[in-house]
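Chemist: Residue-level listing of the chains:
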Amino acid sequence: MTRSRVVRWTAGAGYYGVLALVTVAALGPTLWVMLSSFKTSGQVLSDPSLLPRPFTLQGYADAFSQVHLERFVLNTALYAIGGSLGALVTAFLAAYPTARYDFRGRNVVVGAFSLALAIPVVGLATPEFFIVRELGLFDTRIGLVIFYSALFFPLSFVILRAFLVDLPVEIEEAAIVDGAGYFLLLRKIVLPLARPALATAAVIAFVGIWNEFFFANLLTGSVDHQNVQLALASFRSQFGFNVSGALAGATLVMLVPVLAFLLLQRHVVEGLTAGAVK
Amino acid sequence: MGRSIALSLLPGAALWATFFLVPLLVLVYTSLGDWGGAGFKFIGFDNFSRMFHDAVFWKAARNTGLFAAAGVLIQVPLGCLVGIILAQHIRGWRLFRAILFIPFVISGAAYALVFSLFYNPRYGLLDRALGAVGVTTDHDWLFSTNTALPAVAATFVFILGLIVVLVMAEIASIPGELYEAAEVDGASPFQRQWYITVPLLRNVLGTIVLITVLGYLALFDLVFILTKGGPDDATVTLVLYAYRAYSNSAWGYANAVGVFIVVTGLLLIVLIRRAFRIGERAL
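Heads up: the protein sequence lines correspond to chains A and B, in order. For the first sequence, our numbering assigns the number 412 to the initial residue and increments by one for each residue that follows. For the second sequence, our numbering assigns the number 1267 to the initial residue and increments by one for each residue that follows.
Only chain B is shown next, with the shape it has when bound in the complex (with noise of 0.2 Å):
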């Protein structure tokens, strides 16, 4: 039986020795040297008190945490909205939850294509809706310092759809006379949802959260494509600047920022689980 259960653990141990575990300690070990064309050397800490020196290290910080704030502010509270509007099975709420996931599986390169497209002073839809409502305008809200940021962060906090399939799945948990009894007590339907669903949605909210940071954090596709991290480092995220790093051949420099960017969606874990006490049970 012994033997068995090896045998049935060995391949997926292997895939995750090689590409979990290994990459992981290297990862670690090489963030601490000098590692270029030119060969490896030790230096402890020189990448990381070089990283944290980086004018454009911190930029590409900032950035992130603001796309992870629009993701927790806006899509987030955006996303439980409408998963708490569906879960009262009003009619049609079947077609609104396939349609609001459609945008959770398109690729961030076609996403990137769209809203090249979409954001184009010359021919995106955007500029020419504005004009239509008298608003004229031939921004180019992608290669402006003070836009480019927002516009991108516009692309991804409308896709809603997991977090209204998880809000949803939560609710149909919550027992049904809790509703009844409220109903019987006066209490109208906004009251209902404030103080009945709301609290019961804690546990959930939390993962919701938890996905969605970690998601931000590893944000590169969509703005690689669409804005390469410019105008002047203005959307530049950290997985672009160790990318950028790496493309450069300073491979020890990049990796400093691969821990950085592994430590902190471990941190980023914890954190969140304690404040949102997930694990928990609500009822």
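Chain A on its own, in the form it takes in the complex (with noise of 0.2 Å):
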């Protein structure tokens, strides 16, 4: 062998030995919770091998009979879906005049709105939990959907708005020229064109929401609202007995914003690079 071969090798060996390590540290404990949720509650607390022994889908018959995994499901895909929207709708609302006009007072808005994203939210618990209760939305999923819409307003904002400044401008203007108005103009010519930086704030609004825990638990007092997360706090001692339908939920839980990621990557990916650098 040459001597620029041997390197060669001997680099690649080393990549994929660190590329195996940092796959089995960061996946091996999820991949070991996700196949003991088809052992038997006995086997996962007697026997930690990795596959399960019998297999069972007890565990997941028990997810949805016991502690009724499918009304979280329903409360989180309503927080996420109609926050997701919220958020998407008042942000390519004020993108798009801050992109393309120059009005008085236009920089202030933008650094205003995008500064948002620099604050700890969780700091704010307080007057967050103060704010909701006053408007009468404690313990309501409206309240939920509204704050998780504003949550997600900064990031949005930010996203839509690198979009459409880079977005070419002649198609709106042969628009305005046929007479459209504002209104008309952003649903029938802008919002086709942004579809693809939409899809990117949805999809990170939406896995964002439904991984959501800290204000769920703050802005929700009763059972009936709450959201998987939360649920899955609570499985521990919900299910002391049970814990193979503990591990069968959390697996159903994980998967979904996982199967969202997976579907549409390229938005993700793509997102997140132009939001962090900005």
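Source of the hints: derived by calculation from the structure; they are not laboratory data. Ideal placement from N, C-alpha and C gives every residue a C-beta, glycine not left out. One or more of the hints may lead you astray.
Covered, in the sense of this in silico footprint (three residues per stretch, anywhere, with C-beta under 8 Å from a C-beta of chain A), are these stretches of chain B [said to hold, decoys possible]:
#, stretch
1, 1289-1295
2, 1379-1386
3, 1475-1485
4, 1509-1519
The following residues of chain B were derived to be distant from chain A, with all beta-carbon distances above 10 Å [said to hold, decoys possible]:
#, residue
5, Gly1303
6, His1319
7, Phe1323
8, Val1464
Label-pair distances were calculated between CB atoms; the ranges are [to be verified]:
#, chain 1, residue 1, chain 2, residue 2, range
9, B, Val1322, A, Asp635, 29 to 39 Å
10, B, Leu1291, A, Val500, 24 to 34 Å
11, B, Leu1276, A, Glu581, 26 to 36 Å
12, A, Ala529, B, Val1338, 11 to 21 Å
13, B, Thr1403, A, Arg552, 43 to 53 Å
14, A, Asp458, B, Phe1409, 21 to 31 Å
15, B, Val1338, A, Arg552, 33 to 43 Å
16, A, Leu496, B, Val1338, 32 to 42 Å
17, A, Leu670, B, Ala1335, 28 to 38 Å
18, A, Gly522, B, Leu1276, 16 to 26 Å
19, B, Pro1465, A, Arg482, 49 to 59 Å
20, B, Leu1276, A, Leu468, 48 to 58 Å
21, A, Arg552, B, Phe1409, 30 to 40 Å
22, B, Gly1442, A, Leu670, 33 to 43 Å
With the hints as a guide, bring both chains together as one complex.
Modeler: If you want it as structure tokens, here you go:
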């Protein structure tokens, strides 16, 4: 072998060695838990081996029949879909004029909306709680939808505005010449063109809201309005007697954002890159 | 036109004002008060002086700093290394990028459940795996004061997906001629990465450090569910500390901690942006 081939072979082995190690460290425990969700509770509590023996779906049946996981899934789907829509609609309406028109105070508006991204919102827990309560929205589904719309408004705004600033203006100009008004233009021309950025912001908001724990905990009081993350946190006590049910529930809750990501991977990667660079 | 623009900005501005601006103003004002079930009384900076004299607050600040340090010193270099490797488009790079992104979209609550089982001394994988290689242990990793914090940190330092994606995007923007010229000059693959890629990553590295540090400043879900900040406050974070005060209806005090968190976050943004000269082009 020539020296350069030795170097290349060593580098290749080193690369895959590093990748194998971090992959095991990053996903090993999660995969083990997912596999364990097909074990009986007895096996989970006595035998940490990787493969279920016997293989059973009892945990999955229990997750629905005992804890009624479907109630939390429905709540969470409502929060994630409603909150993403709310964030997207408001952010799109705000991003367009700040990307296209040079009006007085525009830079102040852009700065103020973008700066909201820099605030660690969890530090605002008490004020958020009292504002939501004063608005009569505490422990209501609509309250969480509105709150999540606000929570993901700044990031959606930044992503959509970055996209619209780079969008060629000619098509809109042609429509304006044809006499289209502002909102007609927005709906018929700009909205379809902005679809890639909207998809990006939507999947990031959806996954973020699906996984949200802190404010779901802060802004709900009754079990009826809890999301899946709160349900997961209480699984350990609720399932004290049924650990395989808890693992089955956790597996299902994890799979939703993982599938959303794998299906829309390209959008997530582009959006996070754009959002981070701004 | 002006009216349409105003109308268009209105819904977003309303959300922004209601859930960012007003809470921020309320936070700052009420941090100066004794505010609890019995009402509100202005007390100046008493909450802050109490906070700075509380040993648990300093423990929370120290732990939050240690978690952030684990992120910056372990997670970030590891993510950059993997990003540099995958950016060379070795066989299977798409697959590895996708797989390594998965932990990033798994929630803190789910992660907490995974690791409460993984670390369990009786039926967890970790102690059994250690047993299999001859280290017999039934150590309770999460409930011993000396291992709880590293055990919690170890759950998230391998979440590399976002860092990998950002590093790869930045490398993709480096002109290929630079590498070709270096190869012609006889630079080894390692030298090419070390002398070309690494210096040009400064900008994105700053962004990554910023995102990482701000993420750990807000760390709550995982520790709240996994350890409740224990044992003996060994894993309590700033947000968890504020949450405890909030739960005890010490709202003014909780908001003083909140002000500390927000101000720290803004200071860190300024400092990190300056340290990495973010915004100035590297090339």
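Chemist: What are the numbers of the hints the structure violates, in ascending order?
Modeler: none
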